[in-house]
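Trainee: In case you want the letters, here they are:
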Amino acid sequence: DAKTTQPPSMDCAEGRAANLPCNHSTISGNEYVYWYRQIHSQGPQYIIHGLKNNETNEMASLIITEDRKSSTLILPHATLRDTAVYYCIVRVASGRETGNQFYFGTGTSLTVIP
Amino acid sequence: DGGITQSPKYLFRKEGQNVTLSCEQNLNHDAMYWYRQDPGQGLRLIYYSQIVNDFQKGDIAEGYSVSREKKESFPLTVTSAQKNPTAFYLCASREGQGSGYGYTFGSGTRLTVV
Numbered sequence: 025d026a027k028t029t030q031p032p033s034m035d036c037a038e039g040r041a042a043n044l045p046c047n048h049s050t051i052s053g054n055e056y057v058y059w060y061r062q063i064h065s066q067g068p069q070y071i072i073h074g075l076k077n078n079e080t081n082e083m084a085s086l087i088i089t090e091d092r093k094s095s096t097l098i099l100p101h102a103t104l105r106d107t108a109v110y111y112c113i114v115r116v117a118s119g120r121e122t123g124n125q126f127y128f129g130t131g132t133s134l135t136v137i138p
Numbered sequence: 784d785g786g787i788t789q790s791p792k793y794l795f796r797k798e799g800q801n802v803t804l805s806c807e808q809n810l811n812h813d814a815m816y817w818y819r820q821d822p823g824q825g826l827r828l829i830y831y832s833q834i835v836n837d838f839q840k841g842d843i844a845e846g847y848s849v850s851r852e853k854k855e856s857f858p859l860t861v862t863s864a865q866k867n868p869t870a871f872y873l874c875a876s877r878e879g880q881g882s883g884y885g886y887t888f889g890s891g892t893r894l895t896v897v
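Just so you know, the sequences run in chain order H and G. The numbers in the first sequence follow the working numbering, run straight up by one, and end at 138. The numbers in the second sequence follow the working numbering, run straight up by one, and end at 897.
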């Protein structure tokens, strides 16, 4: 299974960049890396996804290493509202048909400090 | 605006009772999913449906049932056979099955057994 490894928690000062790492060493060549975040008691919110190239949108940037075994989500100017659990996800690719579901681990709990 | 609506947001159930959680989407997505989330843990797949009138068990289907009579609707019934039903339940949909298609989540239903 193409699972991911993330640090359980991180702190970031308000206004600074938050860099959230993720390891996905068993990723397959055609699998995208997705990032979601979940604020307490809400549904996960899509942030960004990518395959090989670095990606940027209005919320964040995604940096994927050349070997695709790891990636980093960058929130360029973290605010208090960015405090949430951040999930790095790669599609489960197993022999059993699972509807190509995403595997959500425990993610990284990011706390933005005033 | 298109999206997924889960209702109710909070639900209380007496032990031994069945209860049905609603999930409706107007995104015209074929695939729909139900996840369960316990405190401090990731999401675990209960059931998923890739097309109308078809659904498959996920990793923790025991004590749950679903139906998919319409494309827009994927209700989840928590039966009395579910031993620990108190949890946060999330519904999601997806436009396609390929790795390039992300999830859209509802806002969740928090079920408490009293």
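Hints are not guaranteed to be accurate.
Label pairs and their calculated CB-CB ranges [what the hints assert, rightly or not]:
| hint | chain 1 | residue 1 | chain 2 | residue 2 | range |
| --- | --- | --- | --- | --- | --- |
| 1 | G | Glu798 | H | His64 | 36 to 42 angstroms |
| 2 | H | Thr135 | G | Gly799 | 39 to 45 angstroms |
| 3 | H | Gln69 | G | Asp813 | 18 to 24 angstroms |
| 4 | H | Arg40 | G | Gln839 | 26 to 32 angstroms |
Coverage of chain G stretches by chain H, computed from C-beta distances (three or more under 8 angstroms per stretch; other residues unrestricted) [unchecked claim]:
| hint | region |
| --- | --- |
| 5 | 793–802 |
| 6 | 863–872 |
In silico contact screen, one side only, chain H against chain G (beta carbon under 8 angstroms); selected entries [to be verified]:
| hint | residue |
| --- | --- |
| 7 | Cys36 |
| 8 | Pro68 |
| 9 | Gly129 |
| 10 | Thr130 |
Hints are computed from structural coordinates only; laboratory data are not their basis. Glycine is no exception: its CB is placed at the ideal position from the N, C-alpha and C atoms.
Trainee: Each of the hints needs a verdict: does it hold here or not?
Mentor: Results for each hint:
1. G:Glu798 to H:His64: 36 to 42 angstroms: 27 angstroms, violated
2. H:Thr135 to G:Gly799: 39 to 45 angstroms: Holds: the Cβ-Cβ distance is about 40 angstroms, inside 39 to 45 angstroms.
3. H:Gln69 to G:Asp813: 18 to 24 angstroms: Since the Cβ atoms of Gln69 of chain H and Asp813 of chain G sit about 22 angstroms apart, the hinted range of 18 to 24 angstroms holds.
4. H:Arg40 to G:Gln839: 26 to 32 angstroms: Violated, since Arg40 of chain H and Gln839 of chain G (Cβ atoms, about 44 angstroms apart) do not stay within the stated range.
5. 793–802: violated (count 0)
6. 863–872: violated (count 1)
7. Cys36: Status violated, d = 21 angstroms.
8. Pro68: 5 angstroms, holds
9. Gly129: Because about 5 angstroms separates Gly129 of chain H from the closest Cβ in chain G, which is inside the 8 angstroms limit, the hint holds.
10. Thr130: Holds. Min distance 5 angstroms.
In summary, the numbered hints that this structure violates are 1, 4, 5, 6, 7.
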